[in-house]
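Undergrad: Sequences listed follow chains A and B, in order.
Heads up: the first sequence runs through residues 460 to 895, numbered per the numbering used here.
Heads up: the second sequence runs through residues 296 to 656, numbered per the numbering used here.
Honestly, I wouldn't trust all of these hints.
[Stated by the list, open to error] Derived SDA-like pairs: lysine to any residue, alpha-carbon spacing no greater than 25 Å straight-line:
1) B/Lys419 - A/Phe512
2) A/Lys475 - B/Glu359
3) A/Lys849 - B/Asn360
4) A/Lys475 - B/Leu341
5) A/Lys475 - B/Ala458
6) A/Lys620 - A/Thr631
7) A/Lys475 - B/Ala411
8) B/Lys352 - A/Ser627
9) B/Lys301 - B/Glu326
10) B/Lys352 - A/Leu521
11) A/Lys475 - A/Phe541
12) A/Lys806 - A/Ser627
Quick caveat, the hints were computed from the structure, so don't treat them as lab data.
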Amino acid sequence: MPSALRPTLPQPSVTKFTNCRLVRGDSLVWEDVWVSSVTGKILQSQVAFYDEFITPDQTINLGGRIISPGFIDCQLNGAFGFNFSTLMNDMSEYGKQFRALNKKLVETGVTSYVPTVTSQTRDLYHKVLPYLAPSGSSRLASAGSESLGAHVEGPFISRTKNGIHDISVLQTPSTYSDLENVYGAANITPSASVSLPVKMITLAPELGQTTPSIIPGLRSNGIVVSIGHSEATFEEASAAVSAGATMITHLFNAMRPLHHRNPGIFGVLGTVPDSNFPRPYFGVIADGIHLHPTTVKIAWNAHPDGFILVTDAMHTLGLPDGRYEWLNGRGKDWIVKKGGELQLEGKGTIAGSSITLIECVNNFLEWSGASIPEGLKTVTATPAAMLGLKGVKGVLDPGTDADLVVLSEDISGGKRHLRVDEVWKFGVRVFGGASG
Amino acid sequence: MRFIIKNNEDEASSYAANYIINRITQFSPSEQRPFVLGLPTGSSPLGVYRILVQRYKAGEVSFENVVTFNMDEYINIPRDHQGSYHSFMWTNLFSHINIPPGNVNILDGNAPNLEAECIAYEAKIKAVGGIDLFLAGIGEDGHIAFNEPGSSLASRTRVKTLAYDTILANSRFFDDNLELVPKMALTVGVQTVLEAREVVVMVLGARKALALQQCIEQGVNHMWTLSALQLHPHPMIICDEDATLELKVKTVKYFKDIERVARAEGFDQILPSNIRTDSNLKLVPAAVVVNGVHTPPCTSPQSTASHHLLLPPSTPTTCTSRSRSPSPDFTNDRMGSRIGDPAFTRRLTPAPEQQSRQTSE
């Protein structure tokens with residue numbers, strides 16, 4: 460019986476999920492969860508009941524299925540034909556396509572993400588980054604997936620570990636103002652008013668003044684520093700972590716491999732963590748192309764709490780096989796998609812992926828033998844913690860955002876496979892499910 | 296006293312759950328006339344709650360018009376602390392059923408004035424017409440609610456200091472740390488429980504065997520407060536085999552025989568509280584005066600112990616089913632009233648059917 464104290468709302472405002480298993484830390488627990496579409500948050504049901512006399516407007520029996528916090532992708536370059544590194548004559552068209560992408564992306568279970576822009580020209584950053592600023596403050600479920608702020612991958616990266624990035628736009632920074640010049644001061648230096656458009660920066664710590672002055676500067680402005688596209692030695696990487704880098708971009712890819720006399724960036728995960736030197740988080744592309752399954756498992760075993768699955772997907776995600784144009788720095792390149800594999804035409808270099816995050820989770824579960832909650836943690840609680848969003852996203856605790864994914868579990872031929880059945884954003888169903 | 300012995304905990308719990316569900320169903324409660332249920336916490340009722348939830352989910356019972364009163368709550372722990380009885384009830388029962396939040400009553404252990412909280416709680420129970428069925432468990436020392444050994448058998452809702460035994464036993468809900476267990480609680484009194492029209496007590500496991508023996512085979516004693524149940528007109532104890540370990544074989548056989556016969560005769564569940572299931576009855580019965588014997592209604596109970604030992608405590612029920620009048624004064628009986636001639640039927644002595652009619656007026 461809906462409480463008489465509450466105004467009648469056209470939509471059911473409080474939803475109770477029952478007969479479901481919740482991802483709680485490293486285990487699945489049989490528990491109910493209540494969400495409110497008014498606050499967009501998970502309710503502390505006991506308080507709601509005793510204090511506010513609230514009872515659910517609808518109860519959804521999930522028949523034993525799993526509820527995970529909404530997925531968070533920390534490296535996504537685009538999808539469904541739209542790449543964030545795109546310049547348009549009419550930039551309002553950019554905003555339109557960006558919003559269209561968000562609505563589609565949410566259906567894959569990714570309820571929030573960090574739109575990633577590769578090494579590009581100053582002009583592109585200035586025009587594009589304001590569009591990619593955090594979008595959650597509207598708390599509009601119908602907007603789909605939420606941007607948590609942009610991830611700028613470059614251009615302050617190593618010329619020899621550039622991957623497919625255009626070498627001609629790469630730079631070596633000497634002061635923080637070099638970054639402000641490239642990205643636009645308003646995008647990386649906070650003013651009193653709004654949240655910064657840029658959430659995360661991938662850079663090579665061995666370049667110029669990066670480690671001594673730029674990393675601490677970014678840190679103090681609340682921007683996550685990620686080591687990547689780098690020739691850093693173990694010592695240089697360790698120094699960067701000490702200076703405030705908390706993340707490693709696509710571990711193993713575009714960096715020196717582990718050598719037994721110089722363990723490189725990966726070696727940082729082997730250190731003994733202490734309060735001055737927390738081991739960094741790291742992104743892993745588990746598409747079956749970027750990394751060997753065993754390598755993924757080694758990374759997981761090295762530091763499970765830092766392990767974050769990322770897609771590094773391009774705009775080819777969700778498109779058929781073919782040849783697709785891509786704006787790369789000063790010129791245009793062509794990417795050839797064949798199945799899940801992307802290559803830069805003419806060079807054969809791997810050019811990102813075309814995989815969804817849930818497929819990465821399924822690969823990871825298959826390769827590592829990790830439990831389902833452990834696998835889901837790598838795309839929920841761990842990335843949320845990395846982005847400084849503990850208590851906001853990535854967990855199913857009361858008071859956090861009601862971004863949920865309802866998953867079915869298929870076990871066939873000894874393989875565990877998770878399928879996204881429903882997606883809820885801010886307490887509202889945005890994908891799947893018969894209306895209850 | 297009905298004393299039901301089941302083979303194990305599961306059977307005992309499902310018996311109790313079925314009993315409660317049948318009661319609610321027979322009562323056919325409405326918003327104006329809700330079924331009032333008293334509820335305990337602890338390990339004894341867990342199985343009962345589990346089955347109630349299952350049966351609710353299967354659509355076999357609704358709690359929409361059930362009003363609940365909980366027995367007790369700790370003082371000075373946050374209401375939503377996992378060890379609080381608010382949390383216990385939420386986790387084990389209320390979150391799974393359709394009870395309206397406004398129908399739930401639990402003592403507030405953080406109330407600014409605890410005395411006033413207790414008085415208000417008793418008043419609330421009276422306002423809904425008293426408790427129809429009080430489900431209870433017992434402690435190893437035979438306590439009912441937090442009425443520790445030595446509690447007055449005439450006690451009402453009040454602040455109570457917990458016995459060391461109880462603190463030890465309850466430390467399992469507080470990380471086995473005695474320091475964390477609250478030392479005080481609010482609890483309904485023995486008399487509050489006895490005033491319910493029906494009391495159903497779960498006694499499970501060997502640890503409770505001594506308490507059960509004291510309460511069933513020994514006399515009424517404030518050191519085993521559950522023994523006060525002997526004064527109630529409609530008590531029922533449901534236990535498992537383990538809990539009977541201290542009882543005489545004779546006692547166990549006696550009660551098992553009674554139940555067997557009752558089942559064979561097909562009156563497994565007699566309706567002792569038909570006074571409440573009679574929908575014509577007012578919620579708050581007026582005091583009954585018959586031949587100068589003043590019988591107070593349950594809603595204005597007497598508070599002196601001596602009084603209660605004279606009067607069967609659940610007074611509205613006694614109106615219909617009391618077997619003897621309470622030490623009646625001399626009544627001027629006539630031989631003529633015993634003849635059976637309709638002309639002489641107007642009796643002066645109290646007759647049950649007459650009393651119930653008066654009650655309902």
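Undergrad: State for each hint whether it applies.
TA: Results for each hint:
1. Annotation: proposed proximity of B/Lys419 to A/Phe512 holds, straight-line Cα distance about 18 Å (limit 25 Å).
2. For the given pair, A/Lys475 sits about 17 Å from B/Glu359 by alpha-carbon distance, which is consistent with the 25 Å threshold.
3. Taking the CA atoms of A/Lys849 and B/Asn360, the gap is near 41 Å; set against the 25 Å cutoff, the hint is violated.
4. Between A/Lys475 and B/Leu341, the direct Cα distance comes to roughly 23 Å. Compliance with the 25 Å bound is thereby established for this hinted pair.
5. Simply put, A/Lys475 and B/Ala458 have alpha-carbon atoms about 40 Å apart, too far for the 25 Å limit, and the pair is violated.
6. Of the pairs offered as hints, the one joining A/Lys620 and A/Thr631 holds, with about 14 Å between alpha carbons and a cut-off of 25 Å not exceeded.
7. Annotation: proposed proximity of A/Lys475 to B/Ala411 is violated, straight-line Cα distance about 36 Å (limit 25 Å).
8. A C-alpha spacing of about 66 Å is found between B/Lys352 and A/Ser627, which places the hinted pair above 25 Å, so the restraint is violated.
9. The straight-line distance between the Cα atoms of B/Lys301 and B/Glu326 is roughly 35 Å, outside the 25 Å bound, and the hint therefore fails.
10. As the CA atoms of B/Lys352 and A/Leu521 are separated by approximately 14 Å, the hinted pair is consistent with the 25 Å bound.
11. For the proposed pair A/Lys475 and A/Phe541, the alpha carbon gap of about 36 Å is over 25 Å, so the pair is violated.
12. Our distance criterion of 25 Å between C-alpha atoms is met by A/Lys806 and A/Ser627, whose separation comes to about 17 Å.
The structure fails hints 3, 5, 7, 8, 9, 11 (numbered hints given earlier, in ascending order).
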